[in-house]
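A.B. asks: For reference, the chains in residue letters:
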Amino acid sequence: MADDAKGSVATAAEPQPLGFEERRAETPLQRLQHVLHAHPILGPLAVLLLAIIAFSLVNGRFLTAANLGLVMQQVTVIAVLALGQTLVILTAGIDLSVGAIAVFSSIIMANLATDLGMSGAASLVVGLVCGTAMGAFNGFLVTRVALPPFIVTLGTLSIFFSLNAVVSRSETVRGTDMPPLLTWTGTTFPIGDFRITYGSVIMLLLFAFFYYALGYTAWGRHVYATGDDIEAARLAGIRTGRVLFSVYVVAGLIYAIGAWILIGRLASASPNVGIEYNLNSITAVVLGGTSLFGGRGLVLGTLVGALIVGVFQNGLQLAGVDVVWQGFAIGLLVLVAVSLDQWIRKVRA
Amino acid sequence: MTPSAHAAGAAGAASAPARTPVLEARGLVKRYGRVTAIAGCDLELYPGEILAIIGDNGAGKTSLVKALCGALIPDEGEIYLDGERVQFRSPMDARRAGIETVYQNLAVAPALDIADNLFLGREERKPGVLGSVFRMLDRKHMRSEAKRHMTELGITTLQNIRQAVESLSGGQRQGVAVARAAAFGSKVLILDEPTAALGVKEGNRVLQLLRDVRDRGLPVILISHNIPHVYEVADRIHIQRLGRRATVITPQSHTMSEAVAIMTGAVEPPPPVA
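Note that the protein sequences, when read in sequence, are chains A and B.
Going by the numbering used here, the letters in the first sequence line up with residues 1 to 349, in that order.
Going by the numbering used here, the letters in the second sequence line up with residues 350 to 623, in that order.
So here's chain A without its partners, still in its complex pose (with noise of 0.2 Å):
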């Protein structure tokens, strides 16, 4: 008997492969579904090459430096404003308050140092700090208050909008008048033929930040873990209020950095504009392959997504399109973005 038993474990013990899969022939669309989902950074990459192909026919200027380092200029501040939404995004929440925090921050730093003298670099820790303490309010009624996060921001967009009225009393800050330090984002360098923002190298240290947070530390893939099945991350173990606060706040942060290169890049501080960055910012992140259902997306889409939002416009204009139809084009791709990203989501093995 206890031999018979032995026998059993030893023969039970060598691991039998248990042929879980069948594979079945596919048709080419199906594999392209399958590469798309494999990597969902070749769909935004297509479109955007096809765009500036297709606008440096229609127009010889487009392709010249001068102009590209404009698409560059005028890219930056969504592309920064659409990394931070882009974590919001990849939690399966939506931050309708980006453009609120962003301009409300920006005031902050200019009016601290025009009306309170505060040198440059107080003005700017103290706007970052805001900026973050906003991102880190809409993280608290998210995990704590546990209300929908579209619900929470779209309050927090009006709340901030009006602090941002009675702090600013509606005025522009000519950037004349502030510290070098807070326009410093707008000063141009040239590479080559280039001419580069300082802005835009903090827009592009910042993707490159987060493609390696998000992608090679244990806090991206509980981002991703949280967005994706939130209760399947916290039977495994994961602290998903956590994460999730912590997302709120990061965001916060990137959208006061983002303030900063808005100083910058108008170089003044104003309380009127801002309000197209909350859409702009989403449509971004959605024409960049992230699927607004959380969990899927990359950041470097984002930074496809905001090119091509910028290649539009810049072509269109150069095309001598009329700008009413800019947002006519941009609309349309955001819906097929998002066709698109319902379809990759139906791949089956």
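Careful, some of the hints might be misleading.
[Claimed, not checked] Residues from chain B shown here face chain A by an in silico Cβ test under 8 Å; the list is partial: (1) Met441; (2) Arg444; (3) Tyr452; (4) Val457; (5) Ala458; (6) Pro459; (7) Asp465; (8) Arg471; (9) Glu472; (10) Pro476; (11) Val478; (12) Val482; (13) Arg484; (14) Met485; (15) Leu486.
The hints are simulated quantities; they were obtained by calculation from the structure and are not laboratory data.
We treat Cβ as the ideally placed atom computed from N, Cα and C, and that holds for glycine.
Following the hints, complete the assembly by docking chain B onto the known chain A.
C.D. replies: Below, chain B without anything else, positioned relative to chain A:
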């Protein structure tokens, strides 16, 4: 192989009183207001066995298991792990003590790949500055470890460990969940209805996985509504009724219909056979 494995289980059960249980519960009580979910329930899990828990709806199976894996705190009673008294305040406590649970709803993140899922919540960082300062994950190591665990459990056809879990079939996903629990569970593996959502073929494969886990030395607690599945893999069967353990039988001592009769209260529970 199956009959001899059962013989091994029966042999193990026969000598059971001489051994200390890996996991033991004494007089567990859990009340929800006026409802008593478990009323003085006992349980023993011995090394190298699959203990199945069956019982009608509301018999307290889930509450009992939740108490064992830290998901609920019992009002009364004691739990012993390897003879030592333990008190779990959260699932993380139980997990740290070596008790891994595969939940009914799987708890895998669909968009993440197999390796990421296996290490979800306990990622490994690279050694040195890269890990401590830059918090960089040791992807390569986690992938090779994941591959090793999957191969050890005989899930060798999953060639690509970087495949997203959502592209797997239900049985394969269950395989990932079991592999994760088996990889990190050092003392006990608990599975709640692991075959409920699966087809016949995939269900059988998961049962084979459970045998493999048991034969590698990790005792298993299996909660299931599927009596034929229970009879196929269990060494002993704990029958839960009205919040208590009615009796413990083995697949050899009683037939399936006898087990169902005890479960539903149609016959008096016989004295525990094992």
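A.B. asks: Please go over all the hints and tell whether each is borne out by the structure.
C.D. replies: Here is how each hint holds up against the structure:
Interface hint at methionine 441 of chain B: satisfied, since its Cβ lies 6 Å from the closest Cβ of chain A, which is below the 8 Å cut-off. The interface hint given for arginine 444 of chain B holds, since its Cβ lies 7 Å from the closest Cβ of chain A, which is under the 8 Å cut-off. For tyrosine 452 of chain B, the suggested interface contact is upheld, since its CB lies about 6 Å from the closest CB of chain A, less than 8 Å. Taken as an interface hint, valine 457 of chain B checks out: its beta carbon lies about 6 Å from the nearest beta carbon of chain A, inside 8 Å.
Because the beta carbon of alanine 458 of chain B sits about 4 Å from the nearest beta carbon in chain A, less than 8 Å, this interface hint is met. The interface hint given for proline 459 of chain B is met, as the beta carbon of that residue sits about 6 Å from the closest beta carbon of chain A, less than 8 Å. Annotation: interface hint on aspartate 465 of chain B holds; nearest CB of chain A at approximately 6 Å, less than 8 Å. Because the closest C-beta pair between arginine 471 of chain B and chain A is about 7 Å apart, less than 8 Å, the hint holds.
Taking 8 Å as the C-beta cut-off, the interface hint given for glutamate 472 of chain B holds, the closest approach to chain A being about 4 Å. Because the beta carbon of proline 476 of chain B sits about 15 Å from the nearest beta carbon in chain A, more than 8 Å, this interface hint is broken. At about 14 Å, the closest approach between the beta carbon of valine 478 of chain B and any beta carbon in chain A exceeds 8 Å, and the interface hint on this residue is violated. Annotation: valine 482 of chain B was flagged as interfacial toward chain A, and the flag is violated, the nearest CB pair being 11 Å apart, outside 8 Å.
The beta carbon of arginine 484 of chain B comes within 5 Å of a beta carbon in chain A, closer than 8 Å, and the hint placing it at the interface holds. For methionine 485 of chain B, the suggested interface contact is upheld, since its CB lies about 5 Å from the closest CB of chain A, less than 8 Å. Taken as an interface hint, leucine 486 of chain B checks out: its beta carbon lies about 6 Å from the nearest beta carbon of chain A, inside 8 Å.
Checked against the numbered hints above, the structure breaks hints 10, 11 and 12 and satisfies the rest.
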